[in-house]
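Asker: The chain contents come next:
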Amino acid sequence: MDVRLQIAMVFHLDKCIGCHTCSIACKNVWTDRKGAEYMWWNNVETKPGTGYPTAWEDQSKYKGGWETNGGEPQLKMGRRSLRVLNIFHNPDMPRMDDYYEPWTYKYEDLFNAPEGADQPTARPISMVTNKPIDIKAGPNWDDDLSGSPVYAANDPNLEALTPEQREELFDIERLVFFYLPRICNHCLNACCVAACPSGAIYKRGEDGIVLINQERCRGWRMCVTACPYKKTFYNWSTGKSEKCILCFPRLETGQAPACFHSCVGRIRYLGGLLYDADRIVEAMSVPDDQLVDAQREMILDPFDPEVRAAALRNGIDERTLEACERSPVYKYVKEWKLALPLHAEFRTLPMLFYVPPLLPVMAKTDAGVYDSSNEELFSPIEKARLPMEYLARLFSAGNIDPVRLALKKQYAIRLFKRMETVGDMDPLVVKQALAEVGCSEAEAEQIYRLTSLPTVDDRYVIPPMHREEAMQMLNDDVLADKGEAGFGFREAPVRGA
Amino acid sequence: MLDNLFYIILPYAAVTLAIVITVQRYLKRGFTYSSLSSQFLESDELFYGSVPWHIGILVVLLGHVIGFAIPRQVLWFNGVPARLYILETTGLLFGLLALVGIVSLIVRRFTSARIRAVTSWMDVVVLLVLLVQVILGVYTALFYRWGSSWYATSAVPYLRSLFTLQPDLKMIAPLPMAVKAHILNAFIFLAIFPFSRLVHMLVVPIHYLWRPYQLVIWNGDRRKIIGQAPRPRPKTVEATVPVTGDTVAASRPVVTG
Ligand code: SF4
Ligand code: SF4
Numbered sequence: 012m013d014v015r016l017q018i019a020m021v022f023h024l025d026k027c028i029g030c031h032t033c034s035i036a037c038k039n040v041w042t043d044r045k046g047a048e049y050m051w052w053n054n055v056e057t058k059p060g061t062g063y064p065t066a067w068e069d070q071s072k073y074k075g076g077w078e079t080n081g082g083e084p085q086l087k088m089g090r091r092s093l094r095v096l097n098i099f100h101n102p103d104m105p106r107m108d109d110y111y112e113p114w115t116y117k118y119e120d121l122f123n124a125p126e127g128a129d130q131p132t133a134r135p136i137s138m139v140t141n142k143p144i145d146i147k148a149g150p151n152w153d154d155d156l157s158g159s160p161v162y163a164a165n166d167p168n169l170e171a172l173t174p175e176q177r178e179e180l181f182d183i184e185r186l187v188f189f190y191l192p193r194i195c196n197h198c199l200n201a202c203c204v205a206a207c208p209s210g211a212i213y214k215r216g217e218d219g220i221v222l223i224n225q226e227r228c229r230g231w232r233m234c235v236t237a238c239p240y241k242k243t244f245y246n247w248s249t250g251k252s253e254k255c256i257l258c259f260p261r262l263e264t265g266q267a268p269a270c271f272h273s274c275v276g277r278i279r280y281l282g283g284l285l286y287d288a289d290r291i292v293e294a295m296s297v298p299d300d301q302l303v304d305a306q307r308e309m310i311l312d313p314f315d316p317e318v319r320a321a322a323l324r325n326g327i328d329e330r331t332l333e334a335c336e337r338s339p340v341y342k343y344v345k346e347w348k349l350a351l352p353l354h355a356e357f358r359t360l361p362m363l364f365y366v367p368p369l370l371p372v373m374a375k376t377d378a379g380v381y382d383s384s385n386e387e388l389f390s391p392i393e394k395a396r397l398p399m400e401y402l403a404r405l406f407s408a409g410n411i412d413p414v415r416l417a418l419k420k421q422y423a424i425r426l427f428k429r430m431e432t433v434g435d436m437d438p439l440v441v442k443q444a445l446a447e448v449g450c451s452e453a454e455a456e457q458i459y460r461l462t463s464l465p466t467v468d469d470r471y472v473i474p475p476m477h478r479e480e481a482m483q484m485l486n487d488d489v490l491a492d493k494g495e496a497g498f499g500f501r502e503a504p505v506r507g508a
Numbered sequence: 613m614l615d616n617l618f619y620i621i622l623p624y625a626a627v628t629l630a631i632v633i634t635v636q637r638y639l640k641r642g643f644t645y646s647s648l649s650s651q652f653l654e655s656d657e658l659f660y661g662s663v664p665w666h667i668g669i670l671v672v673l674l675g676h677v678i679g680f681a682i683p684r685q686v687l688w689f690n691g692v693p694a695r696l697y698i699l700e701t702t703g704l705l706f707g708l709l710a711l712v713g714i715v716s717l718i719v720r721r722f723t724s725a726r727i728r729a730v731t732s733w734m735d736v737v738v739l740l741v742l743l744v745q746v747i748l749g750v751y752t753a754l755f756y757r758w759g760s761s762w763y764a765t766s767a768v769p770y771l772r773s774l775f776t777l778q779p780d781l782k783m784i785a786p787l788p789m790a791v792k793a794h795i796l797n798a799f800i801f802l803a804i805f806p807f808s809r810l811v812h813m814l815v816v817p818i819h820y821l822w823r824p825y826q827l828v829i830w831n832g833d834r835r836k837i838i839g840q841a842p843r844p845r846p847k848t849v850e851a852t853v854p855v856t857g858d859t860v861a862a863s864r865p866v867v868t869g
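Chains as they are written, first to last, in our numbering: chain L, 12 to 508; chain D, 613 to 869.
You may find that some hints are simply not true.
Incomplete in silico selection of chain L near chain D, CB under 7 Å [as the list claims (entries may be wrong)]:
| hint | residue |
| --- | --- |
| 1 | Phe99 |
| 2 | His100 |
| 3 | Met107 |
| 4 | Asp108 |
| 5 | Thr140 |
| 6 | Leu169 |
| 7 | Ala171 |
| 8 | Pro208 |
| 9 | Ser209 |
| 10 | Gly216 |
| 11 | Gly230 |
| 12 | Val472 |
| 13 | Gly507 |
Calculated from the structure, these hints are not laboratory results. Cβ atoms here follow ideal geometry from the backbone N, Cα and C, with glycine treated the same way.
Whenever a hint applies, use it, and build me the whole structure from the sequences.
Answerer: The following block contains the structure:
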C-alpha cells in the first residue's frame, strides 16, 4: 500500500445556479493576460450542450484520454514513439476556433464619434490581431440552451439516448437543462502529464496538484490534445501551455481556491482523500461499467488504523490525517456514494466529483406537458425529464446503477426532510425509500446538513499540507528551500524571439 | 581581405556567440526556450510548411554532418557512379522539400493576420536567412554537380582547419560565388541562432521515449522520508504512478504556473 494524499473536490450540481461567478473570479486572478484571454481554467457549461471548447467530449475528434483496448494502457492520441513524429504538426491539436477568438470593444469610439443622427457603437476588436472581428463564438455561447438546435442537439452524450428520447428532450414543453462547472480534475492518472514530451507537467507529491513548469515547457502542445477534459491551454503569446493550478498559493495559506471561495451557490467542497497509488493501474484498466467502483475502491478509509500507519510511514502527518477524517469529499464520494467522477471512461481517474442533479430529474410530466398539479409531491425519478442514460453517460461511464443510487438517495432524503419539517409524508413510505438506498436516518440528516447548511469550514477542509510547513517537517535546513516554492516566475514571462 | 573577414573572423565570432549566448540564455532566460508554435492560431497551412521544411532540412543537414565527419568514406561511396547519382538525387529532393516548406512558411506568416500578430523581427530575419541558404544550396546542387564529392575535398578541409584553429582558405578560394555565399550565410545563421527561436532545436525532447508516463515531484527529499520509514521500500528512487514504467526522482520544488 502506497498511501498518498490528494486534494480532491466535489461539485454539488443541484446547487449550481449557473452564475459564472467562479469563472470570473478565476479569470481575474489568473488568466487576464495576453495569450491567456481565451482560457477559462474554470468554465460553466449548460448541459445538454457542446461546451467549451466546442464538443470537447467527442474524443473521436479530439483524441484525449486513455485507451486500454484490452492491453497495456495507452494514450488515445497514439503510441508515443509515433507521436514524436507529430512534433512538427500535431494533427489532433484543437485550434483557437474550437474555443473562440477573444475580443474586446473599441470603447473610445463611444466618446470620440462625431455628432450625428446615429448612436455610436463600440465595435468588437480581436485581441489577437487587434482588427475588427465578426464574433462567431464565445466561451459560453450555448448558455441556458441558447441556439440549442446547433449546440445542445450536438451534445456528444446524446448518443446514449434513443431517437425518441432525444426528440422528447427537445420538446419545448419538456426542455430541461442543468449547469456543469468544470475545472482541471487534478487526475491521478493524468493524460497531460503522460503526454508531455518535455516532462514539464508533474503532479505534486504532497497534495496531488498537477502543474506545468513554465520554464521546462517548450510548447510541443501534446498536453492540449491529451487532456480529455481540454483543461490544458496553449498560451499563443508566450508559447507555453498553462492550466489550472488549484490556486495552490491560496491553499498553502489555508484559503480555498478563488472559484470555490466565490461560488455563489456554495456548491463546491474541497478536502483531502487518501488513496493507494499502487492500485492506479488496476483501477484505470477495468471495463467501463466498473470504473466508478474501482476508483472508489482505491480511495482509502482515513479511520482505518492500517491505512493510518501506512500513511504515517509515507510522510503524511497526523494533522493531515485528521483533516482527511473530516473531508467532505470523502463523505460524498466514498461514504455516501453520492458524488461521481465526470466521464470516468477517459480513465484519467479525475479527482473532481459531481453530485448528479436531481432538480431536472424531479420535474413531472403528464403526456409530455409539465405538470405541477399531481397529488404526489415528487414524481419518481424514473419518470424524469432528463433520461438517466444521459446522466450515466456523463457521470458513470454509461453504467446507470451508480447514478440511480445517487439520485434515489437524494430523493429519499427529500422525502425524509419533508416528513420532518412539513409532516405530510407517510413515515412508512419514507422509511422504505431510505431503506431502498441503504441510508439511515442519521446519515440522511448528515447529508442534508452538509448539502443545505454547510459553513465555509464544513465545505473546505484544507489539510495542513502547506508547503512552508511541509518543508519545515522535512528539512532541517529551512532556508535551503527559501524562494523556491510558490507561484511566480524567476524571470519575466516574455515571449522568446 | 574580405575573405579573411568572412571566412576566418566571422566563423569564430559566430561560433563564440552561438555557444556563449545559447548557454547564458538557457541558464538565465530559460523561459524563452520554446518552439513558439503558432499551430493554435493557424493549423492547415502550417502542415504544408512545417512538415516538408523540417523533414527536408533535417535530412540535408544530416548529409552535411556526415560529409564533414567521414569525407573519405563518402568519396569511396561516390566511387561507383550509380551510388553517386542516388546520393545526389536524394540530397536534391530533400533540398527541394525544404524549399517548398520554407516558402510555404513565409507565405503563411505574411498572409495570415493571426500569425502576423505573433511575428517578431527576428522571425523575419530567420526566415530570410533560411530561405537564402536553401536557395543557394539547391542552386549549387543543380548547377555545380557532384557536390557530395567536392564538398568532401574542398569545404571539409576548410571547416576542419577552422576546428583545429589553423584556418586555411586555400581550398575554398576557387569555389564559385554561390557556394561561397552559402558558406558565409551558414555563419550568419550561426550568429543569429542564439537570439532567435531556432534554439528550440536544442531542447528536442528525446527522453520522452523512455521516461515513465507519470511524473511526481516531491517538495522535500522523498528518499529521506522513506529512508526513515521502518519498512524498507523495494526501490530507493522516488515513486510515481507506475502506469507503464515507473519512478522519476526529483526533490526540488520548481517554479510553476
Ligand atoms: S483534467 Fe486534464 S489537465 Fe487536469 S490533470 Fe486531468 S488530464 Fe491533466
Ligand atoms: S459560482 Fe458556483 S453557483 Fe455560480 S456558476 Fe460557478 S459553480 Fe455554479
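Asker: For each hint, tell me whether it holds in the structure or not.
Answerer: Evaluated hints:
| no. | hint | verdict |
| --- | --- | --- |
| 1 | Phe99 | 4 Å, holds |
| 2 | His100 | 5 Å, holds |
| 3 | Met107 | 6 Å, holds |
| 4 | Asp108 | 9 Å, violated |
| 5 | Thr140 | 5 Å, holds |
| 6 | Leu169 | 28 Å, violated |
| 7 | Ala171 | 29 Å, violated |
| 8 | Pro208 | 4 Å, holds |
| 9 | Ser209 | 5 Å, holds |
| 10 | Gly216 | 4 Å, holds |
| 11 | Gly230 | 4 Å, holds |
| 12 | Val472 | 21 Å, violated |
| 13 | Gly507 | 3 Å, holds |
Going through the hint list in order, the structure does not satisfy hints 4, 6, 7 and 12.
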